[in-house]
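Visitor: Sequence:
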Amino acid sequence: MKEFLMNKKFLLTLDDMKNKSYINDVVFMDVLHSNKDSILIMTKKNCKIVKDYAIEIHKFDIEELNKDTSLKLFSTYACRDDNILPRELIEIGKPIVKSCNGLT
1 MKEFLMNKKF LLTLDDMKNK SYINDVVFMD VLHSNKDSIL IMTKKNCKIV KDYAIEIHKF
61 DIEELNKDTS LKLFSTYACR DDNILPRELI EIGKPIVKSC NGLT
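By the UniProt record's numbering, the letter at position 53 of the sequence shown is numbered 53, and the numbering carries on one by one without gaps.
Everything labelled a hint here was simulated from the structure, so no lab data went into it. One should not assume that every hint holds.
Calculated cross-link-like contacts (lysine-lysine; reagent style DSSO-like; alpha-carbon spacing at most 27 Å) [claimed, not checked]: (1) Lys72 <-> Lys2; (2) Lys48 <-> Lys59; (3) Lys67 <-> Lys36; (4) Lys44 <-> Lys2; (5) Lys20 <-> Lys48; (6) Lys18 <-> Lys48; (7) Lys94 <-> Lys72; (8) Lys36 <-> Lys20; (9) Lys20 <-> Lys2; (10) Lys67 <-> Lys44; (11) Lys44 <-> Lys98; (12) Lys18 <-> Lys44; (13) Lys18 <-> Lys2; (14) Lys48 <-> Lys72; (15) Lys20 <-> Lys67; (16) Lys9 <-> Lys44; (17) Lys20 <-> Lys94; (18) Lys72 <-> Lys36; (19) Lys20 <-> Lys72; (20) Lys98 <-> Lys59; (21) Lys36 <-> Lys9; (22) Lys8 <-> Lys36; (23) Lys2 <-> Lys36.
Okay, the calculated beta carbon distance ranges per label pair [to be verified]: (24) Asp30 <-> Lys94: 25 to 35 Å; (25) Pro86 <-> Ser34: 45 to 55 Å; (26) Thr69 <-> Asn7: 36 to 46 Å; (27) Thr43 <-> Lys98: 11 to 21 Å; (28) Ala78 <-> Lys2: 30 to 40 Å.
Glycine included, every Cβ here is placed at the ideal spot set by N, Cα and C.
Assemble the whole structure, with the sequences as input and the hints as a guide.
Guide: Next up, the structure:
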């Protein structure tokens, strides 16, 4: 992957990076900085470790969704056609949404 991305413009998205070792497994600093137009989007609850990987940081604080909004968002992606979660799947959807901690 390193050779493929070197000197190319790319967008890399990393979700819920827990610590530096996870990031180091994926991000090669020389590749990331080989093209100034490349973009790294990282979701993280604590942005302190992100600073080591960026020249420029744009931080957006996102609040946790409440139960109803979380279930609605889940329904939108689970049932793309009509965005309505069938009754029998609501009982399955609720624990899934709960395990996501408000879909933050």
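Visitor: If a hint holds in the structure, say so; if it does not, say that too.
Guide: Against the structure, the hints come out as follows:
1. Pair hint Lys72 plus Lys2 does not hold up; C-alpha atoms about 39 Å apart against a cutoff of 27 Å.
2. A distance of roughly 11 Å separates the Cα atoms of Lys48 and Lys59; the hinted pair therefore holds under the 27 Å criterion.
3. With a C-alpha separation of about 40 Å, the suggested pair Lys67 and Lys36 falls outside the 27 Å cut-off, and the hint is violated.
4. The suggested pairing of Lys44 with Lys2 holds, with an alpha-carbon distance near 23 Å, which does not exceed 27 Å.
5. A C-alpha spacing of about 10 Å is found between Lys20 and Lys48, which places the hinted pair at or below 27 Å, so the restraint holds.
6. The hinted pair formed by Lys18 and Lys48 meets the criterion: a straight-line CA distance of about 11 Å does not exceed 27 Å.
7. Between the alpha carbons of Lys94 and Lys72 the distance comes to roughly 10 Å, so the proposed pair stays at or under 27 Å and holds.
8. Between Lys36 and Lys20, the direct Cα distance comes to roughly 22 Å. Compliance with the 27 Å bound is thereby established for this hinted pair.
9. Taken as a hint, the Lys20 and Lys2 pair is honoured in the structure, with Cα atoms around 18 Å apart against an allowance of 27 Å.
10. Using a Cα cut-off of 27 Å, the hinted pair Lys67 and Lys44 holds, with the two alpha carbons roughly 21 Å apart.
11. Restraint check for Lys44 and Lys98: the C-alpha separation of about 19 Å stays at or below 27 Å, so the hint holds.
12. A C-alpha spacing of about 7 Å is found between Lys18 and Lys44, which places the hinted pair at or below 27 Å, so the restraint holds.
13. Annotation: proposed proximity of Lys18 to Lys2 holds, straight-line Cα distance about 22 Å (limit 27 Å).
14. Taken as a hint, the Lys48 and Lys72 pair is broken in the structure, with Cα atoms around 32 Å apart against an allowance of 27 Å.
15. For the hint pairing Lys20 with Lys67, the CA-to-CA distance comes to about 31 Å; that exceeds 27 Å, so the pair is violated.
16. Proximity of Lys9 to Lys44 is assessed by CA-CA distance (about 23 Å); at most 27 Å being required, the pair is judged to hold.
17. Our distance criterion of 27 Å between C-alpha atoms is broken by Lys20 and Lys94, whose separation comes to about 32 Å.
18. Between Lys72 and Lys36, the direct Cα distance comes to roughly 38 Å. Violation of the 27 Å bound is thereby established for this hinted pair.
19. For the given pair, Lys20 sits about 33 Å from Lys72 by alpha-carbon distance, which is inconsistent with the 27 Å threshold.
20. Using a Cα cut-off of 27 Å, the hinted pair Lys98 and Lys59 holds, with the two alpha carbons roughly 26 Å apart.
21. The suggested pairing of Lys36 with Lys9 holds, with an alpha-carbon distance near 8 Å, which does not exceed 27 Å.
22. At roughly 10 Å between alpha-carbon atoms, Lys8 and Lys36 fall within 27 Å of each other, so this suggested pair holds.
23. Restraint check for Lys2 and Lys36: the C-alpha separation of about 16 Å stays at or below 27 Å, so the hint holds.
24. Look at Asp30 against Lys94: about 45 Å separates their beta carbons, and that is not inside 25 to 35 Å.
25. Roughly 48 Å separates the CB atoms of Pro86 and Ser34, a value that falls within the hinted 45 to 55 Å.
26. Thr69 and Asn7 have their C-beta atoms about 42 Å apart, which keeps the hinted 36 to 46 Å range intact.
27. Separation of Thr43 from Lys98 is about 19 Å and conforms to the stated range, judged on CB atoms against 11 to 21 Å.
28. Between Ala78 and Lys2 the beta carbon distance is about 36 Å. The supplied range of 30 to 40 Å therefore holds.
Checked against the numbered hints above, the structure breaks hints 1, 3, 14, 15, 17, 18, 19, 24 and satisfies the rest.
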